[in-house]
Amino acid sequence: MGEIILKGVTKRFGEVEVIPPIDLHINDGEFVVFVGPSGCGKSTLLRLIAGLEDVSGGVVEIDGRNATEAAPAERGLAMVFQSYALYPHMTVKKNIAFPLKMAKLPPEEIEAKVQAAAKVLNLANYLDRRPGQLSGGQRQRVAIGRAIVRNPEAFLFDEPLSNLDAALRVNMRLEISELHQSLKTTMIYVTHDQVEAMTMADKIVVLQAGRIEQVGSPLELYRTPRNRFVAGFIGSPKMNFIEGAEAAKHGAHAIGIRPEHIKVSTSEGAWQGTVGVSEHLGSDTFLHVTTEYGVLNVRAGGEVDLHHGDTVFLSPDMAQLHRFDQQGWALT
Amino acid sequence: MSTQASRTAARLMISPAVLLLLGWMIIPLGMTLWFSLQRYNLLMPGMESFTGFDNYTYFLTDPAFGAAIFNTLALVLGVLTITTVGGLLLALLLDQPFWGQGVVRVLVIAPFFVMPTVSALVWKNMFMNPVNGVFAHLAKSVGLQPYDFLSQSPLASIVLIVSWQWLPFATLILLTALQSLDSEQLEAAEMDGAGPISRFVHVMLPHLARAITVVVLIQTIFLLSTFAEILVTTNGGPGTASTTLTYLVYIQSLLQYDVGTGAAGGIIAVILANIVAIFLMRMIGKNLEA
Amino acid sequence: MARAVSSRRKALVTVIAWTIGLAIFFPILWTAILSFKSEGNAIASPLTVLTTPFTLESYETVQERSNYFGHFWNSVVISLGSTLLALVIAIPAAWAMAFVPGRRTKDLLMWMLSTKMMPAVGVLVPIYLIFRDLGLLDTRTGLVVVLMLMNLPIVVWMLYTYFREIPGEILEAARMDGATLKDELIHVLTPMAVPGIASTLLLNIILAWNEAFWTLNLTAAKAAPLTAFIASYSSPEGLFYAKLSAASTLAIAPILILGWFSQKQLVRGLTFGAVK
Chain X
1 MGEIILKGVT
11 KRFGEVEVIP
21 PIDLHINDGE
31 FVVFVGPSGC
41 GKSTLLRLIA
51 GLEDVSGGVV
61 EIDGRNATEA
71 APAERGLAMV
81 FQSYALYPHM
91 TVKKNIAFPL
101 KMAKLPPEEI
111 EAKVQAAAKV
121 LNLANYLDRR
131 PGQLSGGQRQ
141 RVAIGRAIVR
151 NPEAFLFDEP
161 LSNLDAALRV
171 NMRLEISELH
181 QSLKTTMIYV
191 THDQVEAMTM
201 ADKIVVLQAG
211 RIEQVGSPLE
221 LYRTPRNRFV
231 AGFIGSPKMN
241 FIEGAEAAKH
251 GAHAIGIRPE
261 HIKVSTSEGA
271 WQGTVGVSEH
281 LGSDTFLHVT
291 TEYGVLNVRA
301 GGEVDLHHGD
311 TVFLSPDMAQ
321 LHRFDQQGWA
331 LT
Chain A
1 MSTQASRTAA
11 RLMISPAVLL
21 LLGWMIIPLG
31 MTLWFSLQRY
41 NLLMPGMESF
51 TGFDNYTYFL
61 TDPAFGAAIF
71 NTLALVLGVL
81 TITTVGGLLL
91 ALLLDQPFWG
101 QGVVRVLVIA
111 PFFVMPTVSA
121 LVWKNMFMNP
131 VNGVFAHLAK
141 SVGLQPYDFL
151 SQSPLASIVL
161 IVSWQWLPFA
171 TLILLTALQS
181 LDSEQLEAAE
191 MDGAGPISRF
201 VHVMLPHLAR
211 AITVVVLIQT
221 IFLLSTFAEI
231 LVTTNGGPGT
241 ASTTLTYLVY
251 IQSLLQYDVG
261 TGAAGGIIAV
271 ILANIVAIFL
281 MRMIGKNLEA
Chain S
1 MARAVSSRRK
11 ALVTVIAWTI
21 GLAIFFPILW
31 TAILSFKSEG
41 NAIASPLTVL
51 TTPFTLESYE
61 TVQERSNYFG
71 HFWNSVVISL
81 GSTLLALVIA
91 IPAAWAMAFV
101 PGRRTKDLLM
111 WMLSTKMMPA
121 VGVLVPIYLI
131 FRDLGLLDTR
141 TGLVVVLMLM
151 NLPIVVWMLY
161 TYFREIPGEI
171 LEAARMDGAT
181 LKDELIHVLT
191 PMAVPGIAST
201 LLLNIILAWN
211 EAFWTLNLTA
221 AKAAPLTAFI
231 ASYSSPEGLF
241 YAKLSAASTL
251 AIAPILILGW
261 FSQKQLVRGL
271 TFGAVK
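Protein chains in written order, with the UniProt record's numbering: chain X, 1 to 332; chain A, 1 to 290; chain S, 1 to 276.
I should point out that these hints are in silico values taken from the structure, not numbers from a laboratory.
A few of these clues could be false.
What follows is a set of in silico ranges between Cβ atoms, one per label pair, in the way DEER data are often shown [as the list claims (entries may be wrong)]:
(1) GLY30(A) / GLU15(X): 36 to 44 Å
(2) THR55(S) / SER151(A): 26 to 34 Å
(3) ILE27(A) / GLY64(X): 51 to 59 Å
(4) ASN151(X) / GLN101(A): 53 to 61 Å
(5) GLU184(A) / SER236(X): 35 to 43 Å
(6) GLU260(X) / ARG104(S): 49 to 57 Å
Using N, Cα and C, we set each Cβ at its ideal position, and we do this for glycine too.
Kindly produce the complete structure, drawing on both the sequences and the hints.
Shown next as structure tokens:
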């Protein structure tokens, strides 16, 4: 079973502490996403769990066992790398079979497992090709296949979709989610893309500068961000922040309101402003409105007929207003 | 970016190579140092005794020593100049479009693969021989007296032979570097109004700096130990006219069996080479950073 | 840079380049030509030589009188043996430096390179005496060891530059897949680095084949490779141009062919990856 517990896990490179002590509980079967801006330590944290880096302090428990000192191969984890890390000199079949060969399984069993994985991943026709002859999406699937055949306690994904084009990325996102539904194995997924985090995760871990900012389900993070960083990071387009007198009216240092929680009117409202850029997507219209509090992003309906230079009035939905103190913590 | 386990493994994997090279350096060098302080002649076994720095005094005051230093410098600098300048010109020429580029390239590289003993013998006999050599025949056909290269100007002749061997190396490396120059840079310079000469000076030459450094470094390493060419052609003579430091030490230790003096010469050669090496390592260290 | 070059200019460059190319190649060409002449004809003036008949007699004499193939075999064993031995020692070392770099990796590489700068003559006597005492003088084993040590720094450097181009993630993937260090080296790294290892092999065979300090000083007859064998022609008696040419042609032909094949790798290898 793939329960993973981090207790006070720390990582230092020389004098630099890249990850201050972290406690985290990942339940068996959970899909957990580590998300944060680049350099936040999310990949390092994943590598610490994988055993590709030593922890400088703390304990990594996998399935109730202390795995802190265990070699990567002994942890029962499988990893899908950003570059896929396929073996270029081996065929697809040999790539997928490699972990089984290393585990010294009998050839017939290897063959059966490889065929099964190939079927699940639609790779049956490509087994004799080499990675160089495959498309990005197919390579991705081979990398996943290599992970699946081992029946790992948990899967680790390190930004697996960042080398794919936008359309393919949406497809693979779905496929990975479906895979999780059918395997019900723990998955830890690292990404800098909050859309991936929101769409795939059971539980999101938001990281910044090596610290965990908040842990929770996608909607928890969306509804009740613990601080300004999480509020700004989760949700697209980004939350608008207003400081100063307008915030003081609400008894806060800063207030935040998401673009989708602002009502637009051409006749009346709380704040007046001028439309700068309007992006018509068909389903939605994103307006960049210049107001006395700075530029506010507003999400309006698809059919809204507003253009550059139009004067508009904005009214925030008071129930969806987020208030933050001087330190950036959310006020409740 | 690694684990304790992999670092331990790395140390283990690297140690055979390091220990072997360390042994290869320290053991013989230690012995040379020891011999250099002994009176030690292979013809008089059992007569070994400690003599302090006598061997060094003897070696350094030997008139052949000064000549050897001069000859070594002349050889290295002469060959370096000829091959770098010649190689640069040749590389520029071969970089132009012309018919049969591939074949000419192959012809030009060929001498680098000829073993030193062969090239020395071929030049000595078939070309520089004052009676039957190609040069002698050429001189006679235009009514000139054949010139005895190896007795009249032995060092220059050796420089010529060694340059012939190393010109391909310099050409090949500079040509490769030249071809890696982004042609858009040259076109941009041309758009900016730079003529052929300023394009060469301001765009090509800076791009080639690294390659030239490497050519000088690698050639110096090999040229300092030029041996076979001298052994085969002149034996260091006439007199000491073509005796280099390497060759002088060889004469002392293996021809005159005077191990003590030879060893002192060896240590001096090592010290001098180290001075050159420190200088060169600084240069290559800077250039190899990328 | 697609640009029209006037054909007159191209013709001019062609003439100059070919003239220089042939001039540089001429000594080799001339040697090859003389090797097919009889001794009497080989010393005639150049233009006359060309008109004389071809013969294989020099090649026959060279083999008969001096056991050419014995020395050829020595060269093969010594150059191949020393290179393979160096590879076995250098592959793990280069792996460590390329994939587990430490703070001192750069210094270590520089130090290895610096051992190449130590003049061989500085250690000639001790090596000679050690070899004498161990009975290694004039043996192929002795030369294999010395040439391996001579070329080890270059082999490590070359492999290091090739290995550094292999993404570390692939080796990490192997580690995650349960590969031991041995599996990682044998099943993943080495097959991936085949082109690099092959060019390293090729270049070092060439260097070892042509090495002419240790081979001349540490062999007499039995283990003498071609370098030493050819040097024995330096004190000739009577007419010998044709035979010298035949022997020389045989000595350089194999390596010349190998060398032409390895042009590209040669640059990279000899410049320690600084020029590609």
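For each hint, the structure was consulted:
no.: 1; hint: GLY30(A) / GLU15(X): 36 to 44 Å; result: 40 Å, holds
no.: 2; hint: THR55(S) / SER151(A): 26 to 34 Å; result: 33 Å, holds
no.: 3; hint: ILE27(A) / GLY64(X): 51 to 59 Å; result: 55 Å, holds
no.: 4; hint: ASN151(X) / GLN101(A): 53 to 61 Å; result: 58 Å, holds
no.: 5; hint: GLU184(A) / SER236(X): 35 to 43 Å; result: 39 Å, holds
no.: 6; hint: GLU260(X) / ARG104(S): 49 to 57 Å; result: 56 Å, holds
Checked against the numbered hints above, the structure breaks none of them.
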